[in-house]
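Asks: Start from chain A and add chains B and C according to the hints.
What follows is each chain in one-letter form.
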Amino acid sequence: MSILAQNLIFGALVGGLYGLAAVGLSLVFGVLKMLNVAHGELLMLGGYVAFWLFTLFRIDPFVSIVPSALALFLVGVVLYRLLFARLVFASDETKLKNSILIGFGVSLVLQTLVLIAWTADERSVTTAAAGAVLPVGDVVVPLARLGALAVAFLTLGGLHLFLQYARLGRAIRATADDVEGAYLSGVPVPAVFLMTFGLGSALAGIAGALVSTTDAVSPSIGLSWTLKALIVVVLGGVGHMFGTFVAGVFLGVAESASGFLLGNAYREIMGLVLFLLVLSLRPQGLFARE
Amino acid sequence: MRPSTLLSGVGLACGGAAVVLLPVLTANQAILSWAFLVLLYAALAQSWNLLGGFAGQVNLGHAAFFGLGVLVTRTLWLGGTPIAVALLAGTGAATAAGVIVGAPSLRLRGPYFAIGTLAVAEILRITVGNALPDVSTLPARSLAAYTLAPRYYLALLVMGLVTGAAWWLTSSRFGHGVVAVREDEAVAEAIGVDAFRHKLWVFALSSCFAGMVGGVFAYYHLSFYPALAFGPLWTFDPLVIVYLGGVGTVWGPLIGAVFFLVLQEALSLQVGELHLLVFGVLFIVVVIALPGGFVEALRGLRRSGARWLRTGVGARSQPPP
Amino acid sequence: MPGSRIPLLEVEALSKTFGGLRAVDRLTFAVGEGEIVGLLGPNGSGKTTTFNLVAGALRPDGGEIRFAGRRITRSAPSLRAHLGIARTFQLVRMFPNLTVLENVLVGRLYGRDRVASPVQARTEALALLGLVGVEQKHDVLAVNLTLGERKRLEIARALAARPRLLLLDEPAAGLTPREVDAAVALFRRIRAQGTAIALVEHNVRAVRALCDRVVVLHAGKQIAQGTPAEVFAHAAVVQAYLGRR
Numbered sequence: 001m002s003i004l005a006q007n008l009i010f011g012a013l014v015g016g017l018y019g020l021a022a023v024g025l026s027l028v029f030g031v032l033k034m035l036n037v038a039h040g041e042l043l044m045l046g047g048y049v050a051f052w053l054f055t056l057f058r059i060d061p062f063v064s065i066v067p068s069a070l071a072l073f074l075v076g077v078v079l080y081r082l083l084f085a086r087l088v089f090a091s092d093e094t095k096l097k098n099s100i101l102i103g104f105g106v107s108l109v110l111q112t113l114v115l116i117a118w119t120a121d122e123r124s125v126t127t128a129a130a131g132a133v134l135p136v137g138d139v140v141v142p143l144a145r146l147g148a149l150a151v152a153f154l155t156l157g158g159l160h161l162f163l164q165y166a167r168l169g170r171a172i173r174a175t176a177d178d179v180e181g182a183y184l185s186g187v188p189v190p191a192v193f194l195m196t197f198g199l200g201s202a203l204a205g206i207a208g209a210l211v212s213t214t215d216a217v218s219p220s221i222g223l224s225w226t227l228k229a230l231i232v233v234v235l236g237g238v239g240h241m242f243g244t245f246v247a248g249v250f251l252g253v254a255e256s257a258s259g260f261l262l263g264n265a266y267r268e269i270m271g272l273v274l275f276l277l278v279l280s281l282r283p284q285g286l287f288a289r290e
Numbered sequence: 001m002r003p004s005t006l007l008s009g010v011g012l013a014c015g016g017a018a019v020v021l022l023p024v025l026t027a028n029q030a031i032l033s034w035a036f037l038v039l040l041y042a043a044l045a046q047s048w049n050l051l052g053g054f055a056g057q058v059n060l061g062h063a064a065f066f067g068l069g070v071l072v073t074r075t076l077w078l079g080g081t082p083i084a085v086a087l088l089a090g091t092g093a094a095t096a097a098g099v100i101v102g103a104p105s106l107r108l109r110g111p112y113f114a115i116g117t118l119a120v121a122e123i124l125r126i127t128v129g130n131a132l133p134d135v136s137t138l139p140a141r142s143l144a145a146y147t148l149a150p151r152y153y154l155a156l157l158v159m160g161l162v163t164g165a166a167w168w169l170t171s172s173r174f175g176h177g178v179v180a181v182r183e184d185e186a187v188a189e190a191i192g193v194d195a196f197r198h199k200l201w202v203f204a205l206s207s208c209f210a211g212m213v214g215g216v217f218a219y220y221h222l223s224f225y226p227a228l229a230f231g232p233l234w235t236f237d238p239l240v241i242v243y244l245g246g247v248g249t250v251w252g253p254l255i256g257a258v259f260f261l262v263l264q265e266a267l268s269l270q271v272g273e274l275h276l277l278v279f280g281v282l283f284i285v286v287v288i289a290l291p292g293g294f295v296e297a298l299r300g301l302r303r304s305g306a307r308w309l310r311t312g313v314g315a316r317s318q319p320p321p
Numbered sequence: 001m002p003g004s005r006i007p008l009l010e011v012e013a014l015s016k017t018f019g020g021l022r023a024v025d026r027l028t029f030a031v032g033e034g035e036i037v038g039l040l041g042p043n044g045s046g047k048t049t050t051f052n053l054v055a056g057a058l059r060p061d062g063g064e065i066r067f068a069g070r071r072i073t074r075s076a077p078s079l080r081a082h083l084g085i086a087r088t089f090q091l092v093r094m095f096p097n098l099t100v101l102e103n104v105l106v107g108r109l110y111g112r113d114r115v116a117s118p119v120q121a122r123t124e125a126l127a128l129l130g131l132v133g134v135e136q137k138h139d140v141l142a143v144n145l146t147l148g149e150r151k152r153l154e155i156a157r158a159l160a161a162r163p164r165l166l167l168l169d170e171p172a173a174g175l176t177p178r179e180v181d182a183a184v185a186l187f188r189r190i191r192a193q194g195t196a197i198a199l200v201e202h203n204v205r206a207v208r209a210l211c212d213r214v215v216v217l218h219a220g221k222q223i224a225q226g227t228p229a230e231v232f233a234h235a236a237v238v239q240a241y242l243g244r245r
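Note that the protein sequences, when read in sequence, are chains A, B and C. Going by our numbering, the first residue of the first sequence is number 1, and it counts up by one from there. Going by our numbering, the first residue of the second sequence is number 1, and it counts up by one from there. Going by our numbering, the first residue of the third sequence is number 1, and it counts up by one from there.
Chain A with its partners taken away, still in its complex shape:
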């Protein structure tokens, strides 16, 4: 029984990261109506930023969150200006379809660039505190994972406050609600689009840095993170930070449970099956607005 409990705790801890990974994706989707399927690759880049800062300068990944977010913000801004901005004036359907296609291309390019630059090796960060655990009854809670969960939660909370009260945050929400209305009431929509894409990428950077504290980083992890983020978005809904976080934890727990029941090789499949199940019950997604 305690093995199951241990599994579930692991799942819940990982799930916080799923939630964080999803928020950036859903932010961009909600505001720009574009789906950046290279989101997982941005997260992977964030992981590498943390890895190199640790390897070269012994900077703790929890500190690297800041440079990683900044670096990915820049990457996002460049990607947007270079590629995605060209879709802004297309019809909704074309915008969505072409953003998926472009994101698909970007994910392959980023993956390959990283592969060429830093090889396919799995990289991981082993800090002094890496092995520390907190025993709770029969089970143990790894401190690094607990820390990652806490940071993910705080980031989401901060994002919520930002969107709620900051000037730019309010402009972002207004644009998400009604682009034309936002234009008419003087919101600088093109700048909001740019900032939103950058912000979404920065969130992927934070998530990536956190991932590096507990899991290996390699060029090929992107696709599976994109899929996880998408699953969480479909489960939790767009624009609800708390819902996204809960959905992330739920996915983590569901994966752990199925890993425990079916064998670890199949834990990824559970999330995908869950995803298809939700989609077939609600084809427009759980978060569609009427």
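Ranges between beta-carbon positions, derived for each pair:
#1 B:Gly11 with C:Gly130: 36 to 46 Å
#2 A:Ala5 with B:Ala140: 47 to 57 Å
#3 C:Gly62 with B:Pro104: 27 to 37 Å
#4 A:Leu277 with C:Val119: 42 to 52 Å
#5 C:Val119 with B:Pro82: 40 to 50 Å
#6 C:Ala116 with B:Gly160: 18 to 28 Å
Partial list, computed: chain B residues near chain C (C-beta under 8 Å):
#7 His176
#8 Gly177
#9 Ala180
#10 Asp184
#11 Ala186
#12 Glu189
#13 Ala190
#14 Ile191
#15 Val193
#16 Asp194
It is worth saying that the hints were derived from the structure and are not from the lab. Note that the structure is predicted; figures quoted are calculated from it, not measured. Ideal placement from N, C-alpha and C gives every residue a C-beta, glycine not left out.
Replies: Relative to chain A, chains B and C alone:
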């Protein structure tokens, strides 16, 4: 008949004869193998194009149907079934999977069709990787009898069939309905096109051919890991080829496949890493800057060429656009 | 209901609610064979929703729709097209990347008594383009047409499905007075061939010139019905609802 039509007719006939006689004309295995790959990729790309280009449904899980064709054909064939029967079984399995996956996924709106199909392919890839971890290699007796020519002709046949299907979509009632659904589903419904049925049929057709191409691959390849046949590259490469050549056109996939393999050969990109980089960048450029691909570019060239001829050589004024 | 006419379309107690808002509220009306009926009312009174319910783009929450005696309340739009209901859209919609001719051709290949051969459909589609006056543009991509041409293309596409009932959603909106006159003449010709027409329209001149009967909606309910003359003479309260936007 205009001379230009006659000329292109003769050219087409010569080209066709060369393609058909290639195994007789050359004994060079490298050339034959390259030509085989052109046909294989062209056929796979065209099978994606049926659904993605003509019906406008971006399927990011095409690899699943290719992989099923590979797996079923290979298993039966190595088990002693004649290749023709094994190939048909592989095609059938992929088609059935197409209907099973298509029926729920085609009801999905917005991005969920693309993502849902991607999820299906990933589920299959992971499952196959877990269930069949061992490499699939031709046994010694098959290796001794192995020749390229029959593989080549099989690929040529499949390429012909799937191109025929694409041509049929441009000329039949059904094809007009399919294109109407791509352009605007609500309008198509309003004039009597049952959008869902049309999409489902094309999905079945697309996965049928993907499975058939997979069967040819199973017959051709000496040894590979089963999970590899379900890898995302079998979705990505056809997509790149289709968009390079011209999405939603009959000849785009073939033109794209020739270009794809020429470039791959020229840069000797078989290693994989640079391959993705070069084609990833090319793909993005085409999606953004040349939505019609090479076919559209050629049409544009021909139009401006004709205009140039009409205005007369040396005409000073710029013809109006 | 004028007794001489057989009702082609019968709408009975039709209701549709959007998140608490009753867009169409127990609406009952009919369109006779070969009749032209106008749906009038201020914006948001439920006219376009009614159209979408009749065409099948939306499913009603209550009530019934019959077409030529057959219940079609929940049938698919494509089936309704086969039975003989064709429509245009408030914001003109076409197949943007197909040529003008192809746009109409598809309608001829599907729809009511459809033809099987694209070659024959092509000839008939060209004739329809001639009827609405855009035949010289048949080879142009639809996306490159002007608004007036798009509206005419839409009508040709709808006619290609050989409708018994044509639903026109604001066919005169955005047209110049000359174009409105041409459109009115075109609709008369269509009706003369036996096709009934139901239209949503704000252009009072067009409504007066065309409609045999007018149904006035307010907040999803019918508040008046009669000939255009009767309805426009109706108390000032009705006049208020005929806002010209």
